[in-house]
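In this note's numbering, the protein residues as written are 642 to 1021.
Just so you know, the hints here were simulated from the structure itself, not pulled from any lab data.
The reader is advised that the hints may include incorrect statements.
[Said to hold, decoys possible] Pairs of lysine to aspartate or glutamate residues, derived as EDC-like cross-links and limited to a Cα-Cα distance of at most 16 Å, are as follows: (1) K854 - E822; (2) K839 - D877; (3) K954 - D940; (4) K854 - E810; (5) K743 - D782; (6) K839 - D803; (7) K839 - E869; (8) K839 - D793; (9) K839 - E785; (10) K818 - E869; (11) K767 - E822; (12) K743 - D801; (13) K951 - D997; (14) K743 - E822; (15) K839 - D868; (16) K767 - E823; (17) K854 - D880; (18) K743 - E785; (19) K951 - D940; (20) K954 - D997; (21) K767 - E720.
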Amino acid sequence: MSSATAASSEGAMSRKRGPVMAGLSLLWLTVACSIPACDAEVIAVPASVGVISRVAFPIRGAWIAPRSTAGLDSSSAVEVLAEMRASGVTHVAVGHDVSMPKFVEPRLEWGEGDGRLRVALRAIRKAGMQAFLLPRIESPDFFEPPYPFRADIAFADPTDWDAFHDNVEQMALHYAKLAQEEQVAIFGVGLELKQSVKEFEQRWREIVRAVRKVYSGSVTYSANWYDEWLDVPFWDELDYVGIGAYFELHAEDGLGPDADPVADVAARWRPVATELRALSERVDRPVLFTEIGYTGYVDCVERPWEWAGKQDKGVAIDHERQAQAYAGLFQALGSERALAGMFAWTFYSGPHDIADWEYALQSRPAGTVLRQAYGGATSR
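The whole structure should be built from the sequences, with the hints applied where relevant.
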């Protein structure tokens, strides 16, 4: 493990992050390089969802996440890769944890699990898909009061900021070189580092330029949807405007309670789409949703980022609503020229132990909606 000196982030709920952005560990696929035929069941969609048109954007991506009963090195994970391919997925997103032992110190540790990461990237390529690699800073302090997270990383001492950015650059170069060797299609230089990005534009430009010297693929940065993506000052250095797109879609922007539910969701996207289009035009870069997804809860459209503890509050499960959420997304943005693509959260490596509330695409109508939108096989 490589170690350097880099630093500092409210809880997952109050900071409005999605599941990956909130720090769920993503273990690595250590799968065999032969992908079996996919026998996954294709679930019928409710009549309320209607007909799904194929999206026009080229990056039809999705994440894969582990289960306690079937990790990403299991035979189940191999089958899930095949299911993703059959669903029309072209790009698979994987994250890799970079450790920040103490939130208040500018030290980062990286390199652990690189062998397993290489196997993962090769397996994805062997399955006929391309990879998006997004290293992300994780700290045990993120899970202790007052629940800081990446956007809160900040230092009073300028020398600590210098050390942090030096470490971020060395870490990014480490994984950019690995990504180059493993033919990764898209590389993310950072994730939700709001304070750093806001205050140190030039240093981030230097980091991106350093990465481009060792990596020839596309480069992005993943900004939080809530209060960061409009303010990243170096989008012009990157190939994509990357957004963790858990936008809250409000009823007042829709068509009303008596409207077609999918058309209503699509209408709610219009204000966001206008902003996406304006930013894309201003920086002359296409938008890439580095993560987007919907829970199995009835309020998944209004609060897609919120996942923890809701069953205890009596929030109802509604998989039909989850399917409508995806259908409305694709109806609104499937032909949006400013959008290069998206990575849906998520396919799970153990599809037989998924709770009803989770962001699952397997064995749900939402998965069939995605399959139709992505141009995948519609029957087995």
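Going through the hints against the structure:
1. K854 - E822: Within the cut-off at roughly 13 Å; holds.
2. K839 - D877: Cα-Cα ~15 Å, so holds.
3. K954 - D940: holds, 13 Å
4. K854 - E810: Given that 16 Å is the threshold and the Cα spacing comes to 12 Å, the pair holds.
5. K743 - D782: Given pair K743, D782 holds - Cα atoms ~7 Å apart, limit 16 Å.
6. K839 - D803: holds, 15 Å
7. K839 - E869: Status holds; Cα separation ~9 Å.
8. K839 - D793: holds, 12 Å
9. K839 - E785: violated, 25 Å
10. K818 - E869: violated, 28 Å
11. K767 - E822: With a Cα-Cα distance of about 15 Å, the restraint between K767 and E822 holds, given a limit of 16 Å.
12. K743 - D801: holds, 13 Å
13. K951 - D997: holds, 12 Å
14. K743 - E822: Between K743 and E822 the Cα gap is close to 31 Å, so the pair fails against 16 Å, i.e. violated.
15. K839 - D868: holds, 11 Å
16. K767 - E823: holds, 11 Å
17. K854 - D880: holds, 15 Å
18. K743 - E785: holds, 11 Å
19. K951 - D940: Cα-Cα ~10 Å, so holds.
20. K954 - D997: The hint holds at about 15 Å.
21. K767 - E720: holds, 13 Å
Of the hints listed earlier, those the structure fails to meet are numbers 9, 10 and 14, in rising order.
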